[in-house]
Amino acid sequence: MNLFIYTASDIDETFLADWKNLLKSSLWTDPFLTPTWLSPCVSLYPGRYKLLVGYCNGTLVFLMPIETPCYGSIPICCIRLGGHISSEQQRMGIVRSGEELEIIVHALVSMFSNKNAARPVIGLDCLVGEDPLAIMLIKSICSRGWKKVEHPGKESPYVKLESDFETYLKGVKRNVRREYLRRKRKIEHDLSVERMIISSGEEVSYWLPEIIRVEHNSWKKDTGLFCPKFRELSSRRLFAMAESGMLRVFLLLSDKQLIAYDIEFMFEGRLWSFSVSFDAEYRKYGPGIDLQVEVIRYGFDQHIKAVELLGGSQSYKSAWAHATRERSSIYLFPCGIKSAVGPIFLNAFKSIRRNFG
Numbered sequence: 004m005n006l007f008i009y010t011a012s013d014i015d016e017t018f019l020a021d022w023k024n025l026l027k028s029s030l031w032t033d034p035f036l037t038p039t040w041l042s043p044c045v046s047l048y049p050g051r052y053k054l055l056v057g058y059c060n061g062t063l064v065f066l067m068p069i070e071t072p073c074y075g076s077i078p079i080c081c082i083r084l085g086g087h088i089s090s091e092q093q094r095m096g097i098v099r100s101g102e103e104l105e106i107i108v109h110a111l112v113s114m115f116s117n118k119n120a121a122r123p124v125i126g127l128d129c130l131v132g133e134d135p136l137a138i139m140l141i142k143s144i145c146s147r148g149w150k151k152v153e154h155p156g157k158e159s160p161y162v163k164l165e166s167d168f169e170t171y172l173k174g175v176k177r178n179v180r181r182e183y184l185r186r187k188r189k190i191e192h193d194l195s196v197e198r199m200i201i202s203s204g205e206e207v208s209y210w211l212p213e214i215i216r217v218e219h220n221s222w223k224k225d226t227g228l229f230c231p232k233f234r235e236l237s238s239r240r241l242f243a244m245a246e247s248g249m250l251r252v253f254l255l256l257s258d259k260q261l262i263a264y265d266i267e268f269m270f271e272g273r274l275w276s277f278s279v280s281f282d283a284e285y286r287k288y289g290p291g292i293d294l295q296v297e298v299i300r301y302g303f304d305q306h307i308k309a310v311e312l313l314g315g316s317q318s319y320k321s322a323w324a325h326a327t328r329e330r331s332s333i334y335l336f337p338c339g340i341k342s343a344v345g346p347i348f349l350n351a352f353k354s355i356r357r358n359f360g
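Residues in the sequence shown are numbered consecutively from 4, following my numbering.
Derived by calculation from the structure, the hints in this document are not laboratory data. Do not rely on the hints blindly, as some may be mistaken.
[What the hints assert, rightly or not] Here are the in silico distance ranges between beta carbons for each label pair:
1. 113 <-> 216: 44 to 54 Å
2. 205 <-> 142: 47 to 57 Å
3. 315 <-> 208: 37 to 47 Å
4. 59 <-> 224: 39 to 49 Å
5. 8 <-> 193: 51 to 61 Å
6. 284 <-> 184: 18 to 28 Å
7. 47 <-> 205: 18 to 28 Å
8. 297 <-> 258: 16 to 26 Å
9. 224 <-> 272: 32 to 42 Å
[To be verified] Keeping only pairs whose Cα atoms sit at most 20 Å apart, straight-line, the calculated DMTMM-like set for lysine to aspartate or glutamate is:
10. 223 <-> 213
11. 27 <-> 102
12. 163 <-> 33
13. 308 <-> 167
14. 173 <-> 304
15. 259 <-> 284
Note that CB positions come from ideal geometry on N, CA and C, so glycine has one too.
Assemble the whole structure, with the sequences as input and the hints as a guide.
Printed below as a string of structure tokens:
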């Protein structure tokens, strides 16, 4: 197998067709590994975000997003496998069904262990326990003397959609269910509310300014997906998802004015959460929970498999979820000075971020 690193200029119509065929032939994938999600990021940040692709006899059999981080404008000798900005992917990459993982792992290890090039620190952030490619790659690299450092990652809650919505609701803890119903009655008594779902590019064009306004009026003002730093990327992704038919945006309005939204992607029989926010002025009504439950209700109505709430395991998510998928952040340090001092710097950096943000 031959590996190549692709940038935005390599993503032409032929490659997109190969990418889509690879998705169809893969045993597992998710929206964060599709061209709809990844292409906007590769285009906007060509120096940092790329695609690692593998071909066998002219056929695309492997694709994985990669990141080469920078501190400001200074590149760091590190490569992050399997993720781009705000990705919540559950596999490192896409592998064609029937393809031997050993061949892919051998090619990856050969590339990372090239004696004629500086060997980078490798970072992985995915559901390692459920990803056979990640398990095999980590084992193979560590057998060559690399040092592994593992940190717990975000726990991703999800709801299995079995039976029907009413049965599911009865299974939620009584105090959680009662509080939800109390707030639902209150918001419908105090306000003239309307709930709606949008999915087209035209609807996104109309509502996007309101979505940005609501996020600005929330606790996510400076860190959300529509803050100035990420607004262009998130907007492009919304329009791309709408064009592909994957977008579902749940809106909660009061007197025709948006007060909360929940952006979801419909893909492979699952709903995947992208962004949820509400105007802080309406916090007492629990508008975020209101829409989250509407998303779950919609999932039952559409007879899909699950709702992936993603993000962290905050109580407002875990109280409604059946289980969580545990992610790990793993760093692999090559032999030598990086293996000796790298983990020390990594732990110090993690401590600073944890204590000072």
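Hints breached by this structure: 3
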